[in-house]
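Build out the structure end to end from the sequences listed, making use of the hints.
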Amino acid sequence: MSIDNINKPKAEIADSNVAATSVMGRLIQGRFATGWSWAVGGVVVLALIAYPFVNPSDTFGINLLVQILIAAIFALSYDLIFGYTGLLSFGQASYYGLGGFAAGLLVARFNISNFWLSLLVAIVVASLGAAILGIFSIRTSGVYFMMLTLALAQMLFSLASKWDFTGSSDGVTFTRPEFSIFGFSLTDLVPFYLFVLFAFVVCFLVLTMVIRSPFGQALKGIRDNENRMTAVGYQTRNFKLVAFIIAGAIAGLAGGLNALSNGFVGANTLNWVNSGAVLVMVLLGGKGTLVGPVVGAFFTIWLQSQIQGSGSSIPLGNYTLADRWLSVLGIIFMVFVLFAPNGLVGLGKSLVRSKLVKNLLGRVK
Amino acid sequence: MNLQNFTFETFVFQVLNGLSTSMLLFLLAAGMTLIFGLMEVVNLAHGTYYLLGAYFGYSVMNATNNFWLALVIAPLGVGVVGFVMERFFLRPLYSKAHSNMVILTLGFAYLVGDLTTLIWGGDPKSIPAPAPFDHSIELLGRSFPSYRLFVAGLGLLLALGLWLLLEKTRIGAIVRAGVSDKEMVRGMGINISLVFTALFVFGMVLAGLSGVVAAPFQSFGLGDDLRILVYSLLVVVIGGLGTLSGAFWGAIVIGLVDSLGAAYFPSFAQFGIYIVMALVLMVRPTGLFNKAQA
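Those sequence lines, one after another, are chains A and B.
Using the working numbering, the letters of the first sequence map in sequence onto residues 74 to 438.
Using the working numbering, the letters of the second sequence map in sequence onto residues 686 to 979.
FYI, nobody ran anything at the bench for these hints, they're computed from the structure.
This structure is a prediction, so every number in the text was calculated from the model and none was measured.
Please note that a few of the clues may not be correct.
[As the list claims (entries may be wrong)] Derived pair list, reagent style DSSO-like, types lysine-lysine, alpha-carbon separation capped at 27 Å:
(1) B:K781 to A:K422
(2) B:K853 to B:K867
(3) B:K781 to A:K293
(4) A:K293 to A:K422
(5) A:K235 to B:K810
(6) B:K781 to B:K867
What follows is the structure, encoded as structure tokens:
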């Protein structure tokens, strides 16, 4: 066993051994996977663009897609921290909430009704928040890190739910800023949906670049073995802090979009339960991949709307299935941690690896 | 700030109030900190076990109308749930990364917390204080619920008992040895996995006990599991994970800050405990009473 593998769980070592059996095989598999996944991604984005034009009357579906895309942006931001850097943070909701409040309060308290400015302020405030909270959190590690992120997040939550400026427990309602692109008003559903889709694609591409850069590789190094990275000469704290700030900025964008889509922002966006929800999405989809959080966000939000919608006709004691959404979330958590720690994407990968690719590689040889 | 009616008497009164909360928090956090020390499990379902204890106690009370019976039976019931969780859910994850266990316990908290709503309904419930402690006594010219004195006494007694158990008995020695070197304990021929199960169940019994004990002066219901979880996390983090004395002093700090904050800074009561935690972790990132600094 090489030194690299000492800190890895056994299953992971076996996994990397399988993949490394033939360099040629790995190369082919990589090319194969990358080319196809970009093509599939392109088709999905085109289908999402086309959807409101094919089904213009389906406002429920388009609204649901807006929610899914915003959740996906949020989940992507969290995956940079949890999946790529290996930091189990319970504070990601802070940046989502900070972004939402920044965007909303600019309109409601400062009377500046500008869509772009709201989004910009959301991103700036959230990244500043991430920088400040990050400096404190990153001093600690392991369990203490987890708990400090949780406590700092709850501190913001309890402040926002008591402070009149942030609407205390009622939240802040504001008029959505008017803005139009090419003559389409963004306060209308379809143009807003397309704008959110655009923001999502930009975030996805930016994160892809971040992950593939030497910086992103260093983050993975920190996740796999922080001591080794320190020994090699990396200032791992600075890397973690920058990852925190990038993730904070993107979460802030998601929070800002959410506030602008509802014309409302409340203290609950800051609650750590939101950080738990985004953890479910990343875990369900597959941590440490960029497709995973998106799949997880899609599946979670869709399932929630299904259960809270049609689940109300399925009786369960004095209640209906619709009231039991938290139970469903809990079961998803447990099943995936126990049986599929790499999420839906991991399940898909192992399926492809087991049948399809083996046959293909057989033919190449 | 609300200092117009500040007098020495009310201050002492609030301190006493805070100390009884502290003892309750200690009961809650003792299990969490010991479990972390030995098994390195951060149990995010800890508050759920507290809530389960309160609900079990409520049901036993309804059936028998005997608080003391509830005080014994409910924690044991909670212990059974703890046994199931450790044996069938946590055990498969011991060899994997720690974050997996944290996430599993969070899933468990969601599921069981939601099931309590299904069984008992979400509206706040409480248990009446039992016979000799169901009235208030005169204290510094104000009436003070005698049940709070009972809680403080019980907490102190259990703290002493736990300390003796841990420091003076063979079982305690095994647990302490396990905290510092698991492999060595295994090498001595001790069945450490049995110790894991026993300690986990014991910790959950304590959490369930604190749920029953708290029920006469703190109503409980939907969402309290996660609220209580945050309190016990704060206590163990301030004290330093894995040490009983840390949990004790951490509970004293949080109980006092919470009680005095609620009395003198009513609008930012909750805020105070988070500030204290953030300050402590900035100065000492592994807690006040943890000798092993990271």
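TODO: Tell me, in ascending order, the numbers of any earlier hints that this structure violates.
DONE: none
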